[in-house]
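> Top line first, the protein sequences correspond to chains A, B and C. Going by our numbering, the first residue of the first sequence is number 1, and it counts up by one from there. Going by our numbering, the first residue of the second sequence is number 1, and it counts up by one from there. Going by our numbering, the first residue of the third sequence is number 1, and it counts up by one from there.
Among the hints, a few may not be true.
[Unchecked claim] Here are the computed lysine-lysine pairs in the DSBU-like style, where the Cα-Cα straight-line distance is at most 35 Å:
no.: 1; chain 1: A; residue 1: K217; chain 2: C; residue 2: K45
no.: 2; chain 1: B; residue 1: K142; chain 2: C; residue 2: K122
no.: 3; chain 1: C; residue 1: K51; chain 2: B; residue 2: K182
no.: 4; chain 1: C; residue 1: K22; chain 2: B; residue 2: K175
no.: 5; chain 1: A; residue 1: K128; chain 2: C; residue 2: K215
no.: 6; chain 1: C; residue 1: K22; chain 2: A; residue 2: K225
no.: 7; chain 1: C; residue 1: K51; chain 2: A; residue 2: K221
no.: 8; chain 1: C; residue 1: K22; chain 2: B; residue 2: K247
no.: 9; chain 1: B; residue 1: K182; chain 2: C; residue 2: K191
no.: 10; chain 1: B; residue 1: K141; chain 2: C; residue 2: K92
no.: 11; chain 1: C; residue 1: K92; chain 2: B; residue 2: K145
no.: 12; chain 1: C; residue 1: K122; chain 2: A; residue 2: K217
no.: 13; chain 1: C; residue 1: K122; chain 2: B; residue 2: K154
no.: 14; chain 1: C; residue 1: K191; chain 2: B; residue 2: K258
no.: 15; chain 1: B; residue 1: K5; chain 2: A; residue 2: K147
no.: 16; chain 1: C; residue 1: K51; chain 2: A; residue 2: K49
no.: 17; chain 1: B; residue 1: K175; chain 2: C; residue 2: K215
no.: 18; chain 1: C; residue 1: K191; chain 2: B; residue 2: K118
no.: 19; chain 1: B; residue 1: K215; chain 2: A; residue 2: K128
Hints are computed from structural coordinates only; laboratory data are not their basis. In this text, all values refer to a predicted model and were calculated from it rather than measured experimentally.
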Amino acid sequence: MELLAFGKTGWGDELFYATLMTIAVSVTAMLVGFFFALIFTPLKLSKYKSLNLIGNFYTTVIRGVPELLVIYLFFFGGSGAIMYVASIFGYFEYIEINAFITGSMAIGIISGAYSTEVFRGAIQSIDKGQFEAAKVLGVSKFAQFYKIILPQMLRLAIPNLSNVWQITLKDTSLISVTGLVEIMRQSYIAAGSTRDPLFFYSFAAVLYLLLTYLSMKLINKLEVKYSKGY
Amino acid sequence: MNKLKIFGMGIIISLFLSITSNAETIKIGTEGAYPPWNSKDASGNLIGFEVELANELCAIMKAECTIVEQDWDGMIPALLMRKFDAIMAGMSITAERQKTITFSQGYADEVASLAVMKGSSLEGMDTPEGINLSLGGGVVKKALKTLTGALAGKTVCVQTATIHQNFLDSGDVGKVNVRTYKTQDEVNLDLASGRCDAALAAAVAFTDYAEKSGKAVVLVGPTFSGGAFGNGVGVGIRQGGDDTIGKRDAKLLQDFNKAIDKARKQGIISKLAIKHFGFDASM
Amino acid sequence: MDLDLMINSIPKLLSATVITLKLLSASLFFGLFMGLLFAILRMNKNIFINKFAYGYSYVFRGTPLLVQIFIIYFGLGQIEYLRSTFLWVILKEPYWCAIIAFTLNTGAYTSEILRSAFQTIKPGIIEAGKSLGISNNIIFYKIQIPIAIRQSLPAYGNEIILMMKGTSLASTVTLMDLTGVAKYIISTTFKPIEVFIVAGGIYLFMTFLIHNLIKYLEKKYSF
Chain A
1 MELLAFGKTG
11 WGDELFYATL
21 MTIAVSVTAM
31 LVGFFFALIF
41 TPLKLSKYKS
51 LNLIGNFYTT
61 VIRGVPELLV
71 IYLFFFGGSG
81 AIMYVASIFG
91 YFEYIEINAF
101 ITGSMAIGII
111 SGAYSTEVFR
121 GAIQSIDKGQ
131 FEAAKVLGVS
141 KFAQFYKIIL
151 PQMLRLAIPN
161 LSNVWQITLK
171 DTSLISVTGL
181 VEIMRQSYIA
191 AGSTRDPLFF
201 YSFAAVLYLL
211 LTYLSMKLIN
221 KLEVKYSKGY
Chain B
1 MNKLKIFGMG
11 IIISLFLSIT
21 SNAETIKIGT
31 EGAYPPWNSK
41 DASGNLIGFE
51 VELANELCAI
61 MKAECTIVEQ
71 DWDGMIPALL
81 MRKFDAIMAG
91 MSITAERQKT
101 ITFSQGYADE
111 VASLAVMKGS
121 SLEGMDTPEG
131 INLSLGGGVV
141 KKALKTLTGA
151 LAGKTVCVQT
161 ATIHQNFLDS
171 GDVGKVNVRT
181 YKTQDEVNLD
191 LASGRCDAAL
201 AAAVAFTDYA
211 EKSGKAVVLV
221 GPTFSGGAFG
231 NGVGVGIRQG
241 GDDTIGKRDA
251 KLLQDFNKAI
261 DKARKQGIIS
271 KLAIKHFGFD
281 ASM
Chain C
1 MDLDLMINSI
11 PKLLSATVIT
21 LKLLSASLFF
31 GLFMGLLFAI
41 LRMNKNIFIN
51 KFAYGYSYVF
61 RGTPLLVQIF
71 IIYFGLGQIE
81 YLRSTFLWVI
91 LKEPYWCAII
101 AFTLNTGAYT
111 SEILRSAFQT
121 IKPGIIEAGK
131 SLGISNNIIF
141 YKIQIPIAIR
151 QSLPAYGNEI
161 ILMMKGTSLA
171 STVTLMDLTG
181 VAKYIISTTF
191 KPIEVFIVAG
201 GIYLFMTFLI
211 HNLIKYLEKK
221 YSF
């Protein structure tokens, strides 16, 4: 147990910060995912076939290809792509995108594909009458979507979004291959240094279970809160 | 809706904040997991032959340097992506690598060797002390033949994207079951646990492991140099070009070469080599 | 866009796909039995058996597959005692370690899918069986299981695709599956986009096949 002590000799403090990093990346990725979902869900539901295609392309490709491959694409190609875009604007200087952003973006895009499906399903199960009523109120299309439909969609989406959260949380373990120090990476370092992989990987499993358990408690509270009035 | 705007701004701002520009400092990338070339101490600081040599070279170049840690398999991509400007990570100069990056002159050389656990059937191979694959000739051919016979069907473990992997893949020792790992540490672990019949890496890497872990790892067969094993270890630098960054890289190459010349003349490299390798591995 | 590279890498990637498919089919085969076993245990009246099955499912669904593989491959490989038993013959090979990890993982998800399928069988069907004088055992094997399997097809199809993506993690323990070879090509040619397109394309094609196979089975066995 001394292996877990905080301070110089134990790995406790490193693992604690690594856990915070895992949470940080998961939350950021989830939010990035929402950002993508809010763009692609309307595309998928649009009446224009070409927009549908773009939306479907995104969800099909990202959900059909292994996460590791997407991460490698970002890791080996990400900076290059950003710098290419920047050079178009005349910025030739050296750009460094840190591991946190790369990792969160990669997981975020993956999370977004799942969130898009959830949002789509939720919107499609909202009673059609709501859409008509929104139109009848005479407010702008913008307000129709964001003030009337969206809140209802979120309520319906929460159970499935909790699944997406679990997936996102577990996927963060994969960005350990890029060197970002989250739970998996820190366990890898500790295991290598102490030559005790069994202990540290088992402990990592415990940490993830803890995060899963706490997440479920929090999400249940959210569900209760958003179900009020129905 | 406002929350979304703020969030979007937040993303864009943090993206810009993470964009740093490189002016005076030279960033040098190293693995930190290949003792005695480079490794980490108990607190996680980078140490080793190359870390100290890098500091010496930077002092000669009168430049400020920071040493950055990077996983081996992403080393060259990271250099190309400008995460750092030079690689000093026990990377051998090979024609294959020179297709994408350029190297300074070599500053030290390592010989490679096979290693097994004590008591393995591969011990006591009838081969010369060392062979140089670039020289070729009857002695080399005979040694390779002995090795092919001994290693037939065996599992040999190497670190991925290394000259050692290239050698095994080249077919010079016939059909071997090659297993690749992310780090030398993982190779050592599987060698010690019996998952590998043998492993191939720098001889000093194995002697260092045997010393630090107390495991009965022994070197077998000849030491290898030349051929697929490249021509010594040098500083990896992006290939120069006509644009601003390309010109900077070309100058960096020249500066490094001059610094290495000076360091060699002053005996710095030899001293550091003896300190970390136990013998003068300088070039 | 380096078309030459893309075309040249196809043979290498396709032969690696064979390994991916082997891993996938072995894991699904053993995993289905695991899933069925634990779904049954979950419905058992005994509280210990019940909780045990729940624990298994919770642990393997609540931790990343990467952690599971690392514990089995690196963790178990560390135990000196294990290395002296006959189990070592199996655990020595990364191929079997990966299959064990994948099987345990898919078994957990499958058990949940089957369990919820069992629970949504209309009680009326079971009552009808009982009133016809059919024994409990036969009701279970000849009525409940087939219905549960049919109900689970959509969700199980999803699980097959998830497991196919999961096999990519075998590349983290030295196995040269499709993702492993793709990564090798990317890291030696530095052309991630081209390789992603080809390797990703192969995965998407497999997803397409699986999706259509499940749709076909759903139609064939519908009632």
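> Take the hints in turn and mark each one as holding or not.
Verification of the hints:
For the given pair, K217/A sits about 27 Å from K45/C by alpha-carbon distance, which is consistent with the 35 Å threshold. For the suggested pair K142/B and K122/C, the alpha carbons sit about 76 Å apart, so the restraint of at most 35 Å is broken. Between the alpha carbons of K51/C and K182/B the distance comes to roughly 39 Å, so the proposed pair goes past 35 Å and is violated. Between K22/C and K175/B, the direct Cα distance comes to roughly 23 Å. Compliance with the 35 Å bound is thereby established for this hinted pair.
The suggested pairing of K128/A with K215/C holds, with an alpha-carbon distance near 28 Å, which does not exceed 35 Å. As the CA atoms of K22/C and K225/A are separated by approximately 47 Å, the hinted pair breaks the 35 Å bound. A threshold of 35 Å between alpha carbons decides the hint, and for K51/C with K221/A the separation of about 24 Å falls inside it, so the pair holds. Distance restraint check for K22/C and K247/B: the Cα-Cα separation of roughly 51 Å exceeds the 35 Å cut-off, and the hinted pair is therefore not satisfied.
Proximity of K182/B to K191/C is assessed by CA-CA distance (about 20 Å); at most 35 Å being required, the pair is judged to hold. A C-alpha spacing of about 33 Å is found between K141/B and K92/C, which places the hinted pair at or below 35 Å, so the restraint holds. Taking the CA atoms of K92/C and K145/B, the gap is near 29 Å; set against the 35 Å cutoff, the hint holds. The hinted pair formed by K122/C and K217/A meets the criterion: a straight-line CA distance of about 31 Å does not exceed 35 Å.
A threshold of 35 Å between alpha carbons decides the hint, and for K122/C with K154/B the separation of about 58 Å lies outside it, so the pair is violated. Under the criterion of a C-alpha separation no larger than 35 Å, the hint pairing K191/C with K258/B is consistent with the structure, at around 33 Å. Of the supplied pair hints, the one linking K5/B and K147/A holds, its CA atoms being roughly 15 Å apart against a limit of 35 Å. Of the pairs offered as hints, the one joining K51/C and K49/A is violated, with about 50 Å between alpha carbons and a cut-off of 35 Å exceeded.
Between the alpha carbons of K175/B and K215/C the distance comes to roughly 44 Å, so the proposed pair goes past 35 Å and is violated. A threshold of 35 Å between alpha carbons decides the hint, and for K191/C with K118/B the separation of about 42 Å lies outside it, so the pair is violated. Restraint check for K215/B and K128/A: the C-alpha separation of about 71 Å exceeds 35 Å, so the hint is violated.
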